[in-house]
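Visitor: Single-letter residue listing:
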Amino acid sequence: QVQLQQSGAELVKPGSSVKISCKASGYTFTSYDMHWIKQQPGNGLEWIGWIYPGNGNTKYNQKFNGKATLTADKSSSTAYMQLSSLTSEDSAVYFCARLGYGSYSYWFAYWGQGTLVTVSS
Amino acid sequence: ETTVTQSPASLSMAVGEKVSISCKTSTDIDDDMNWYQQKSGEAPKLLISEGNTLRPGVPSRFSSSGYGTDFVFTINNVLLGDEGIYYCQQSDNVPDTFGAGTKLELK
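In order, the protein sequence lines correspond to chains D and Y.
Read in the working numbering, the first sequence has 104 at position 104, and its numbers run on one by one without any break.
Read in the working numbering, the second sequence has 16 at position 16, and its numbers run on one by one without any break.
Extracted from the complex, chain Y is given alone in its bound form (with noise of 0.2 Å):
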C-alpha cells in the first residue's frame, strides 16, 4: 500500500498570498496523483487530476506539480471562498490512498 503523507496539516492565510501543499508518497506513483477541494458539509470536489491536469471550470489560480514521489498543491492569490481542506490522493496502485489533508482558513 501507498502511503501519501501530505503537508501542512493546517495553514491559516490572508487574501491574496499563495498557498503551497505538499504531498510525498512511500512508492513511485509517476504523476498519477489527484487534488481535492473539500468545503464544509459537502463531498469533496476534484479539483486537479493525472499529469498535474485542472480540471473544466476550476479557476487557473490552482495549480499542482510533481512527479515519482514529491508533488505540490499551489492556489496563487487565495480568495475567501477557498477556505475548506484539501486532499490529495494517489490512483496509481490499489488500494487508493489519501493524504491527510490541509485545513485552509483565511485570516
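Okay, chain D solo, but in the shape it has when bound (with noise of 0.2 Å):
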C-alpha cells in the first residue's frame, strides 16, 4: 500500500534553512508528482507545489517561490522540501501528498504524517 513517512518535527531560527523529507514507498516513485502543503495553526491548507521525481520537473504556488525547493533522490524513493529565510509566518505543520486520479480529475489521496516546523530564536 502506499505511505509516506515524513521527516520529525524541526525548532529552528529565524533566517535560517530547513529540509524537510518525504519517503514514498508502496508504488513507483518516479511515476508520480509528490505535492506539498502547507497547514498553518488555525488556518487552513495551502498547496506548495509539487515535483515529478521521474525528471525532477517541478510547479510552484506563486506565493512559495523563492520561499520553497522542491527536490527528489530516486535512489531512496524520497522526496524534500527546503524552506529558507525563515520567518514566523513559516511555522506549520508541512505535508507530502501523492494523488489519485479518476476520469477527469484528481485529488490528494494519500499524504504523509506531517511535520511540524516552528520558527523561534
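These are computed hints drawn from the structure, not numbers from a lab.
Fair warning: there could be bad hints in the mix.
Claimed, not checked - Going by beta-carbon spacing under 7 Å, a handful of chain Y positions derived as facing chain D:
1) Ala14
2) Glu17
3) Glu50
4) Ala100
As the list claims (entries may be wrong) - Between beta-carbon pairs, the in silico distance windows are:
5) D:Gly8 with Y:Leu79: 32 to 38 Å
6) D:Gly102 with Y:Lys39: 36 to 42 Å
7) Y:Leu79 with D:Leu11: 33 to 39 Å
8) Y:Thr27 with D:Gly102: 25 to 31 Å
9) Y:Asn77 with D:Asn55: 27 to 33 Å
10) D:Asn55 with Y:Thr74: 27 to 33 Å
11) Y:Glu105 with D:Gln82: 33 to 39 Å
12) D:Val2 with Y:Gly81: 21 to 27 Å
13) D:Ser103 with Y:Thr74: 40 to 46 Å
14) D:Thr71 with Y:Gly81: 35 to 41 Å
15) Y:Met13 with D:Ser91: 30 to 36 Å
16) D:Ser120 with Y:Gly57: 21 to 27 Å
17) D:Gly66 with Y:Leu79: 40 to 46 Å
Stated by the list, open to error - Straight-line Cα separation of at most 30 Å, DSSO-like style, residue types lysine-lysine; simulated pairs:
18) Y:Lys18 with Y:Lys39
19) D:Lys67 with Y:Lys39
20) D:Lys74 with D:Lys63
21) D:Lys19 with D:Lys59
22) D:Lys67 with D:Lys13
23) D:Lys23 with D:Lys63
24) D:Lys59 with D:Lys23
25) D:Lys13 with D:Lys59
26) D:Lys63 with Y:Lys103
27) D:Lys19 with Y:Lys45
28) D:Lys59 with Y:Lys39
29) D:Lys63 with D:Lys19
30) Y:Lys24 with Y:Lys39
31) D:Lys59 with Y:Lys24
32) Y:Lys39 with D:Lys23
33) Y:Lys107 with D:Lys63
34) D:Lys67 with D:Lys23
35) D:Lys23 with D:Lys74
36) Y:Lys45 with D:Lys63
37) Y:Lys39 with Y:Lys103
38) Y:Lys107 with Y:Lys24
39) Y:Lys45 with Y:Lys24
40) Y:Lys103 with Y:Lys24
A virtual CB, placed ideally from N, CA and C, is assigned to each residue, including glycine.
Join the two chains into one complex using the hints; note that each chain is given alone, in its own frame.
Guide: Written out as C-alpha cells, the structure is:
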C-alpha cells in the first residue's frame, strides 16, 4: 500500500533554512508527482507545489516562489522540501501528498503524517 | 487563482442530526471539487472526489452535490466519530485551493 513517511519536527531559528523529507513506498516513486501542502495552526491548507521525481520537473504556487525548493532522490524514493529565510509565518505543519486520479480530475489521495516546523529564536 | 469560500466556520450538532457545509468558488470548476475530513493530529482524509463520488470505504452517510460554483457537503445522521474539520478543495485549475475549513463539534 502507498505510504509516505515524513521526517520529524524541526525547531529552527529565524533567517535559517530547513529541509524536510518524505520517503515513499508502495508504488513507483518516479511515476507520480509529489505535492507539498502547508497548514498553519488554526488556518486552512495551502498548496505549495509539486515535483515529478521521474525528471525533476517542478511547479510552484507563485506565493512560495523563492521560499520553497523541491527536490527528489530517486535512489531512496525520497522527496525533499527546503524552506529558506524562515520567519514566524513559516511555522506550520507541512504535508507531502500523492495524487489519485479519476476519469477527468485528481485529488490528494495519500498523505504523509505531517512535519511540524517551528520558527523561533 | 480560484478562491474557495467555505461556510460555516464551525458547527455544533447533536448525534443524529444532518450537517450541511457550503463551498462557493470564484470561477466555474465543473464538478472538480473534493472533500476531506481531518481529525485532530492527523492528515486530511479524502471522502469525496470528482463528480461527487464517494470514495471506497466511506460511509454512505456522507454525500455531496453541486456543479459550477456552488457545492454542498452533507452528513446524514451525524455520529460522535464524525468530529473534526472538513475541507473542500478545487482541482479544476492551478494552484489547487482549499476552503478555510468547517470545524464540526458534537454536543
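Visitor: Take the hints in turn and mark each one as holding or not.
Guide: Outcome of the hint check:
no.: 1; hint: Ala14; in the structure: violated, 25 Å
no.: 2; hint: Glu17; in the structure: violated, 25 Å
no.: 3; hint: Glu50; in the structure: holds, 4 Å
no.: 4; hint: Ala100; in the structure: holds, 4 Å
no.: 5; hint: D:Gly8 with Y:Leu79: 32 to 38 Å; in the structure: holds, 33 Å
no.: 6; hint: D:Gly102 with Y:Lys39: 36 to 42 Å; in the structure: violated, 25 Å
no.: 7; hint: Y:Leu79 with D:Leu11: 33 to 39 Å; in the structure: holds, 38 Å
no.: 8; hint: Y:Thr27 with D:Gly102: 25 to 31 Å; in the structure: violated, 20 Å
no.: 9; hint: Y:Asn77 with D:Asn55: 27 to 33 Å; in the structure: violated, 48 Å
no.: 10; hint: D:Asn55 with Y:Thr74: 27 to 33 Å; in the structure: violated, 42 Å
no.: 11; hint: Y:Glu105 with D:Gln82: 33 to 39 Å; in the structure: holds, 37 Å
no.: 12; hint: D:Val2 with Y:Gly81: 21 to 27 Å; in the structure: holds, 24 Å
no.: 13; hint: D:Ser103 with Y:Thr74: 40 to 46 Å; in the structure: violated, 23 Å
no.: 14; hint: D:Thr71 with Y:Gly81: 35 to 41 Å; in the structure: holds, 39 Å
no.: 15; hint: Y:Met13 with D:Ser91: 30 to 36 Å; in the structure: holds, 32 Å
no.: 16; hint: D:Ser120 with Y:Gly57: 21 to 27 Å; in the structure: violated, 40 Å
no.: 17; hint: D:Gly66 with Y:Leu79: 40 to 46 Å; in the structure: holds, 45 Å
no.: 18; hint: Y:Lys18 with Y:Lys39; in the structure: holds, 19 Å
no.: 19; hint: D:Lys67 with Y:Lys39; in the structure: holds, 28 Å
no.: 20; hint: D:Lys74 with D:Lys63; in the structure: holds, 27 Å
no.: 21; hint: D:Lys19 with D:Lys59; in the structure: holds, 18 Å
no.: 22; hint: D:Lys67 with D:Lys13; in the structure: holds, 15 Å
no.: 23; hint: D:Lys23 with D:Lys63; in the structure: holds, 25 Å
no.: 24; hint: D:Lys59 with D:Lys23; in the structure: holds, 20 Å
no.: 25; hint: D:Lys13 with D:Lys59; in the structure: holds, 27 Å
no.: 26; hint: D:Lys63 with Y:Lys103; in the structure: holds, 26 Å
no.: 27; hint: D:Lys19 with Y:Lys45; in the structure: holds, 25 Å
no.: 28; hint: D:Lys59 with Y:Lys39; in the structure: holds, 29 Å
no.: 29; hint: D:Lys63 with D:Lys19; in the structure: holds, 19 Å
no.: 30; hint: Y:Lys24 with Y:Lys39; in the structure: holds, 23 Å
no.: 31; hint: D:Lys59 with Y:Lys24; in the structure: holds, 26 Å
no.: 32; hint: Y:Lys39 with D:Lys23; in the structure: holds, 23 Å
no.: 33; hint: Y:Lys107 with D:Lys63; in the structure: violated, 39 Å
no.: 34; hint: D:Lys67 with D:Lys23; in the structure: holds, 22 Å
no.: 35; hint: D:Lys23 with D:Lys74; in the structure: holds, 10 Å
no.: 36; hint: Y:Lys45 with D:Lys63; in the structure: holds, 25 Å
no.: 37; hint: Y:Lys39 with Y:Lys103; in the structure: holds, 10 Å
no.: 38; hint: Y:Lys107 with Y:Lys24; in the structure: holds, 27 Å
no.: 39; hint: Y:Lys45 with Y:Lys24; in the structure: holds, 21 Å
no.: 40; hint: Y:Lys103 with Y:Lys24; in the structure: holds, 17 Å
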